[in-house]
Amino acid sequence: MSRYDALAEPIGSVGFAAKPARRLSGAGVVPALSRPAPVPASRGLPLRATIAALVAAGLAAGAWRLSGEAGGTRLALSLVFGALFGLVLQRSRFCFYCQWRDFLVLGDPRGMLGILAALATGIAGYAVVLGAWMPDPSGTRLAPDAHIGPVGPVLVLAGLSFGAGMALSGSCISAHLYRLGEGSPMAPFALLGTGLGFGLGFLTWNPLYLASLSEAPVLWLPRHLGYAGTLGLSLALIAALAWPLLRRLPAPQPASRPDPLHAAFVARWPVWLGGLAVGAIGTLSYLRVGPLGVTAEIGGRTRQAAGALGLLPERLEGLDTFRGCATAVREALLTPNGLFVGGLVLAAFAAALVAGQFRPAWPKPGQVVRGLSGGLLLGWGAMTGLGCSVGTLLSGIMAGAVSGWVFGAAMFAGAAATLWLGRRAGVLS
Amino acid sequence: MLRPSAFLFTVAAALLLSAAPAAAQEPAAKPAQGSPAKDNPAKDTAAKDTAAKDTAAKDSPLVSTEWLEKNLDAKNLRIVEVSVEPGVFERGHIPNAQNVAWHTDLVETVSRDIAGPEKFTALARRLGIDRDTTVVLYGDNNNWFAAWGAWVFAQYGLTDTVKLLDGGRKKWEAEKRPLDTRTAEVPASTFTAQAPSGKLRARFADVLAVAKKERDEQILDIRSPDEFSGKIIAPAGIQELAIRAGHIPGSVNIPWAKAVNPDGTLKSKEELKALYAAAGIDGSKPIITSCRIGERSSHSWFVLSRILGYDARNYDGSWTEYGNAVGVPVVNLAGTVWGGK
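Protein chains in written order, with the UniProt record's numbering: chain A, 1 to 429; chain B, 1 to 341.
Chain A extracted, bound-state conformation:
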């Protein structure tokens, strides 16, 4: 905890502190997002731990039940992977925007290093899996259902929009999902906005497809460089990105021997630890179920609802031929991605409850507006970019897709620009 306090000074690494940060509270420092004042971890602990244990037991029972049904293995695994993902996201605060903002505003590079750790782990894991699945990647075929999308101006636009949405609403879609479990007042509106953004994305899809997407190349690095070349290049890129971050690391804290239970269930995990876990879950999920992604269900359900209301174009040209977080209309009640998202939210709720980080609050008007408008940008970006920071960025880069890198660059640029403008205008902190 003291580590965070030491960092709450605006160090400002890229000119973000040129203007003194607006003071949000009387604390006199800029609090990092979603780090509310800690409540004593022991208050009401027995009750909180009991509820969390019940949620965990419910998830386990759900997985058990699903796995017993014919063809239920994928569903059960999706639920388990979703729960693990939610636990890791909540415990390590694995939020693309918060970590980016911590770096830009507070000069703390550790969160971004954690994201790079997730990518490096996943890249190595995918290479092991893909090497077995497709010994020769040089043909015309792409890795099975990996998120390898078309690269072109539309992808950049999608990334910029997604980044702006993150800055406005306070985080990306996956982080809104785990924050839903933390009782965030903004998350429900951001997710509602995301659904609306998907609808908007469907409406603009056909013109964008005809103007640009149909000709955008689908670039898969292993096809051109082989697996070894892709692994080498990707890891070198990550090393190059990590180098300047490593030079800004804060002075190491004196080693302490914390209580292990406290370290696991109350204190936030270091982001790099969460990153390693995300890379491992990404690899295992690809091996057994499919690439990680959190928007397929949101997109698919929106498409179903909009279709039922007659709001969709008759046909979405070429959409279903692209890889990514498929938004194919849902036929079944339970889908792998739906269970993944459900498991994510519930496990994050249980983890937050134990840690004393479940703090529901009534939304303020500003949060409603920012959530809805930011969510709209998130949703449009995720629909048009065929996935979000998880589906397109993480799962794409892990699989060797150029689209993952391009989306990531545009997303972080969009978030930085919006944050900079927002701080200038005194709207964002």
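Careful, some of the hints might be misleading.
[Unchecked claim] Restraint ranges, calculated between C-beta atoms of paired labels, are given here:
#1 B:P329 / A:S138: 46 to 52 Å
#2 B:P225 / A:A361: 53 to 59 Å
#3 A:A308 / B:A274: 42 to 48 Å
Calculated from the structure, these hints are not laboratory results. Keep in mind that this is a model prediction, so the values were computed, not measured. All C-beta atoms in this analysis are idealised placements derived from N, C-alpha and C, irrespective of residue type, glycine included.
Following the hints, put chain B in place on chain A, whose structure we already have.
Relative to chain A, chain B alone:
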């Protein structure tokens, strides 16, 4: 400081994973106990006379899951999965099986046609298939695409050596037999394909001649009753449509699924004979099988041609060709006639 948290994460992950029996119940996880108890007594005898079993398999167009598991390592056998769902093969296939992508390997991708001789030659060589190689095809979706594969193989002269795994992927998985994720490596063959034989394929002109009663043949339409009657043009969510709904005049409707047991295996020869005879198809006249794009109908083609030994051809143009053709007779029982709203 980090070690305890890493350790606890591992414990938490292990707890969550072990709580879900999914991993433990996965067929791949327990190869040894996989086969049902009733199969066990047969194991010893089967091991003793594999040769006898080989001849048994040679005569039948089908092999059982039990036979295949015992012969996974047989020398002159190639196991080929043809599934339509991407990633199904990679996440676990029958050991030693090789993958064929229906969308790209068995068809031409620019024009609408079966794979041409050059493409098929390359495919067969990659799979290590020669004229004397026993090939077992299987796949998801009740072997639909595996049956399409058998139909394409047959047009290139690979007929009697090509079998379907009775029950397909579904039955193999249900019986919790072992799956593998590694890629089999087989020596390439020297197979060279000639021009495909036209004897197993019905073309538009053939079907039209039957529709106009210029030729005495039978058309078996295996689509759903609603597609056959013209109530709908295609099943929900299908992109490839026709301009008109209904069916080819003179065709009879027996949905493909009627030939299949609940466990995915084909019904017995006698049951199948009775099923088709009830609709007037008894093998006395040449038969043309048809559906929407010709892939489900290759399932019924396999039943009629390979199991019952009838003279059957598959019409791969099917309703997406016939229902789009200009100036051909159409029967529409549902009365969904063309017109503005």
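Each hint, compared with the structure:
Checked against the hint of 46 to 52 Å, the C-beta distance between B:P329 and A:S138 comes to roughly 50 Å, which is consistent with it. Evaluation of the 53 to 59 Å hint for B:P225 and A:A361 yields a pass: the beta carbon distance comes to about 56 Å. Hint check: A:A308 to B:A274, Cβ distance near 43 Å, so the stated range 42 to 48 Å holds.
Checked against the numbered hints above, the structure breaks none of them.
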